[in-house]
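Dock chains V and L against chain A, hints included.
Chain by chain, the residues run as shown.
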Amino acid sequence: MAPHKEQIEIGRGYKEKYGFHVEEKSVFKSKRGLDHGVIDQISDHKNEPDWMREFRHKALDIFLAKPMPTWGGDLTHMNFDEIYYYLKPAEHKGDTWEDVPEEIKRTFDKLGIPESEQKFLAGSGAQYESESVYHKLKDEWESRGVIFSDTDSALREHEDILKKYFATIVPPNDNKFAALNSAVWSGGSFLYVPPGVKVDLPLQAYFRINAKNVGQFERTLLICDEGAQAHYVEGCTAPSYSTDSLHAAVVEVVVKQGGRFRYTTIQNWSSNVYNLVTKRAQAFKDSTMEWVDANLGSKLTMKYPSIYLMEPGARGDILSVACAGKNQHQDAGGKVVHVAPHTSSHILSKSVSQNGGRSSYRGLVKVYPKCKDVKVNVCCDALIMDKDSRSDTYPYMEIDEKNVNIGHEATVSKIGDEQLFYLRSRGLSEEQANSMIVSGFIEPIVKELPMEYAVEMNRLIQLQMEGSVG
Amino acid sequence: MTQPWLQERRERAARLNTKLPVPTGGEDWRRTNFGRVDLGQFEPLPPVKNGADQGAASRLLPAKIVLAGELLYGEQASPPTLDPALLKQGVWLTSLTKACEEKKELVGKYLGRGLHGRQEKFLAQNEANWQTGVFLYIPKNTAVELPFLLTSALAREDSSCFPRLLVVLDQGAKATLLHYSASTNQNKNNFVNGVYEVYLEEGAELTWIDLQNWSRQTYEVAHKRVEVGRNARLKWVIHCQGGKLAKANIETVLNGEGAKGEVIGLVEGKDRQHLELCSLTHHVAPHTTADILIKSTADDRAKIIFQGMIKIEKAAQQTVSYMANHNLVLNDKAHADSIPRLEIEADDVKASHGATIGQVDREQMFYLRSKGLDKEKAEALLVEGFYEDVFGRVPLESVREWMRTHLEHPGG
Amino acid sequence: MGKELLKIENLHIRVEENEIIQGLDLTVREGEVHAVMGPNGSGKSTLAYTLMGRPGYEITKGSVCFDGQDIREMEPEERAQAGLFLSFQYPIAIPGVTVGHFLMTALAALSEKGNGRYKEIRKTFRKDIKKYMEGLKIDPAFAQRYLNDGFSGGEKKRMEILQLLTLQPKLAIMDETDSGLDIDALKVVSQGVSEYLVQNPKASALVITHYQRILNHLKPHFVHILSKGKIISSGGPELAIKLENEGYRAFGIEDREPGPQPEGGIHGTT
Chain A
1 MAPHKEQIEI GRGYKEKYGF HVEEKSVFKS KRGLDHGVID QISDHKNEPD
51 WMREFRHKAL DIFLAKPMPT WGGDLTHMNF DEIYYYLKPA EHKGDTWEDV
101 PEEIKRTFDK LGIPESEQKF LAGSGAQYES ESVYHKLKDE WESRGVIFSD
151 TDSALREHED ILKKYFATIV PPNDNKFAAL NSAVWSGGSF LYVPPGVKVD
201 LPLQAYFRIN AKNVGQFERT LLICDEGAQA HYVEGCTAPS YSTDSLHAAV
251 VEVVVKQGGR FRYTTIQNWS SNVYNLVTKR AQAFKDSTME WVDANLGSKL
301 TMKYPSIYLM EPGARGDILS VACAGKNQHQ DAGGKVVHVA PHTSSHILSK
351 SVSQNGGRSS YRGLVKVYPK CKDVKVNVCC DALIMDKDSR SDTYPYMEID
401 EKNVNIGHEA TVSKIGDEQL FYLRSRGLSE EQANSMIVSG FIEPIVKELP
451 MEYAVEMNRL IQLQMEGSVG
Chain V
1 MTQPWLQERR ERAARLNTKL PVPTGGEDWR RTNFGRVDLG QFEPLPPVKN
51 GADQGAASRL LPAKIVLAGE LLYGEQASPP TLDPALLKQG VWLTSLTKAC
101 EEKKELVGKY LGRGLHGRQE KFLAQNEANW QTGVFLYIPK NTAVELPFLL
151 TSALAREDSS CFPRLLVVLD QGAKATLLHY SASTNQNKNN FVNGVYEVYL
201 EEGAELTWID LQNWSRQTYE VAHKRVEVGR NARLKWVIHC QGGKLAKANI
251 ETVLNGEGAK GEVIGLVEGK DRQHLELCSL THHVAPHTTA DILIKSTADD
301 RAKIIFQGMI KIEKAAQQTV SYMANHNLVL NDKAHADSIP RLEIEADDVK
351 ASHGATIGQV DREQMFYLRS KGLDKEKAEA LLVEGFYEDV FGRVPLESVR
401 EWMRTHLEHP GG
Chain L
1 MGKELLKIEN LHIRVEENEI IQGLDLTVRE GEVHAVMGPN GSGKSTLAYT
51 LMGRPGYEIT KGSVCFDGQD IREMEPEERA QAGLFLSFQY PIAIPGVTVG
101 HFLMTALAAL SEKGNGRYKE IRKTFRKDIK KYMEGLKIDP AFAQRYLNDG
151 FSGGEKKRME ILQLLTLQPK LAIMDETDSG LDIDALKVVS QGVSEYLVQN
201 PKASALVITH YQRILNHLKP HFVHILSKGK IISSGGPELA IKLENEGYRA
251 FGIEDREPGP QPEGGIHGTT
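Chains A, V and L are the protein sequences, given in the same order. Each residue of the first sequence is one higher than the one before, starting from 1 at the first, in this note's numbering. Each residue of the second sequence is one higher than the one before, starting from 1 at the first, in this note's numbering. Each residue of the third sequence is one higher than the one before, starting from 1 at the first, in this note's numbering.
Honestly, I wouldn't trust all of these hints.
[Said to hold, decoys possible] Pairwise CB distance ranges, derived in the manner of DEER restraints: (1) A:58 with V:22: 28 to 36 Å; (2) L:65 with V:395: 50 to 58 Å; (3) L:140 with V:376: 49 to 57 Å; (4) A:82 with L:140: 53 to 61 Å.
No lab work stands behind these hints: they were computed from the structure. Don't be surprised by glycine CBs; every beta carbon is placed ideally from N, CA and C.
The following block holds chain A by itself, in its conformation from the complex (with noise of 0.2 Å):
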């Protein structure tokens, strides 16, 4: 047979619909680098209580003082001074899309996200570069005490209920990244769901970055009350540049007993942005948390949404699909910790390497002494599709525990010879084949999403695959 000559590139297309930029455009944009004088801007821009001044500047002695990490990515080019920390694009936020600057909304019209609200989401955000530049929850929701806001608004509409929560899931010195956006967060969406609301259309959130190394730094906070129930959804792109851009969030969930909560990402970064991103969620007494994580862009992911399981009857699912291409390195997995007994989680990780690139899956599953009846389930599935790409598994099992029930299972192989000769001697050209088997290998996560973002989750790895032949 002749050697696979079609090769499916991650990122095809990309430039056209997503790489554009609009002029750039600020009210403010601090210099580039970071010390405590930045800090102090940001913190005057924002107007806010002096006890996130203080916070910020014990997250950056915090940040100055970590080393780089010298595991999962290759970070010895990520140049910390080179990056403009806070970028504010407009004066004010939009309360309608009319509010919002003209060629920022012509940037989000491009993406779709007016439309998409209209048509399927309970409330809509969007950030542009350092802040929020809308924000919207249906009437509906908010009648019945739902708070969708940005949490710059949060911090000033609710204090007392962000301040609780605030920093206590990912604490400042949790990491080098955490301690970076702790010190500079700003914009992020904040979600509180009331004891018993069942909000049934996801809540939406897009990220985007338009300038040149530029870093984002939004800090997401999530509570699901007692009963509740919720599916927060992200999405993110950005211009494809030369210069790298640096995105750094923080996301903390809480889902109190009873609750159920999904949050789906679909990350979609041009591939000159770092994406150092901590993500966690505490689920409490038998709710449910469920991370459903598809990595497509960037040039380095490294994230790991990580459950920690509080009481008993907690469950925890996560699902991760990367695709690593050309320079890319997806850096991606999940933790699941188990602190209580009687609690379950579920790991599914699939993920797919070509034309050079690297996928890497790496989880943790701990459990704490004393957590009985505990059961986990790991599977992390890899397709390599040529000679050039790579792919590792890196799973931590670290168990103290005796009566538990761990299970982990992990395979990486090329698309089977098989399984490409059956679908061409049914007319498939090769292509097609691959591409096929490509979208049924992560149709078990595909198909979770609703069905919109799975129609533009294929259609975005169709992208990737069309026309590349030669």
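Frame of chain A; chains V and L shown alone:
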């Protein structure tokens, strides 16, 4: 009288040993910390006494086996017993010191070959200090049916011991090696740092039964490395049950096209033992195959750690590699870590691993108890069943029996 | 007499180091059903895979013409587009891809290549597929299941026939379609193949089998006995009857009884 080349090597290693701190961090060492062990408390073993009788090695092995040759090394050394027919065919079985003098070229070619350039404290320490060791060489196309027995035994206390093993199977050679490390008294406090190197040239076949039964007071670091050449075959059975704090690094390097490696291991942690088995399966050449199965139990307050890595280099296309690690936690206070990793740089491969951590099956337990077995017996039976697929793959019936017996009468 | 559809002359096939087919001649005309019978290891499946262009099956000598085209250098999908179809002995699972999606994609791929017939087929595709599934006693829910994933042996075989009926090729190569089927399933599957032949009077079938029993249903016009990579005897249906009654020994062939049929995966080179 030490050879100058060897002396130079030892000195270089000694300098490196002084320079390097005891490793305590990084993924490789952070789970088994020798930084807290006062290594100064152990006196180096005095020069080896040739005090033991011929045949002393097999007297220490608690099983009767007909052998092709045997040698006791460690605290005392015995003259080798070797079938004269094999001697005539060019088989070598001697102390490593003697081999360094009489088989200088051969030993020089292989000793440390796969370990050069590594900045590892314990490797350097062994290289600088090994005083007792064995050299086994099987010449080209020589098939030795009966096993060789090499026993490394320690009777003293508060001693540090640096065993060194070099085994070379030349092209097309075949052999079975029984290696037994044991303390002759269960309560001795010792530090053992051993380096064990095996080279299988093209088409060679080795079965290595590797049994470790140090006292529960022994601190051990072991580096064991097998290089499997073109179309060569390795079957490696490992049984770890001794040691207080022990870390064994085992490496299966599939170096030549068509090389095959099978590693079957059993780790039994009891009392307050801390046992780590760190396995690397390194596919360097194409068309190589590896199958690793490690089963462990953690009882009492034991801590068992398995770190496994399948590494497939870019050139190692058409590789099939599998690694399984199954752990039974038998006590609430016991602890098990399992870290099976994959690093794959070739695309036309099949690599997979599976790992489980759990307790004995409750339904099975109930079933057995309903038939009149008490809890302990039922558990012992289930643990035996858990180990059976390891035992089943041990090629020597007598060793198989010994391993079974050991399970039933631990520490006996 | 119909037009020559498949013409094989002096075919030699090598798989890995072994020459499996050693000088085979066979002509199939439009509307004909041919049976190729032979014991295990005679080269039956090798012939089927080679006709479909399976990588690794090398034609070292001879020619293969299909519908007037030399197909030796054609990719598998080009052969499918030309009207060849292989019903696999061990159909392959494609997890995550539903039967419905797969069939639509295959039809779209075939019609894209300019064969106007497929535009027609696509128009009534949904209705037809329902009918076919009913005929093959396939639960309609299977349209949403992943292709061959977790299917039983019989379900996989029926899925092959569903594809045959949907894709309507010119020549259907049935590779051991009868293996692993019980009597009832065999009947259903055979009826499916017959339906395809009735619907397409010009279509032909090459039925590759070890046993005669499927031929009771499919009624071949010609029977060929394959041994050690060569056709050693050709004739009418009576040849199959003789084989059934007297066994391969009557043709001077040592037949090792086949062991249990493995499921899933393509095995060996037979």
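Quiz item: Is it true that residue 82 of chain A and residue 140 of chain L lie within 53 to 61 Å of each other by Cβ?
Solution: Since residue 82 of chain A and residue 140 of chain L have Cβ atoms about 59 Å apart, the given range 53 to 61 Å holds.
Quiz item: Would you say the C-beta atoms of residue 65 of chain L and residue 395 of chain V sit inside 50 to 58 Å of each other?
Solution: holds, 56 Å
Quiz item: Honestly, do residue 58 of chain A and residue 22 of chain V meet the 28 to 36 Å range at C-beta?
Solution: Cβ of residue 58 of chain A to Cβ of residue 22 of chain V: about 35 Å, so the range 28 to 36 Å holds.
Exercise. Check the following: the C-beta atoms of residue 140 of chain L and residue 376 of chain V are separated by a distance inside 49 to 57 Å.
Key: Since residue 140 of chain L and residue 376 of chain V have Cβ atoms about 56 Å apart, the given range 49 to 57 Å holds.
Violated hints for the displayed structure: none, as all numbered hints are satisfied.
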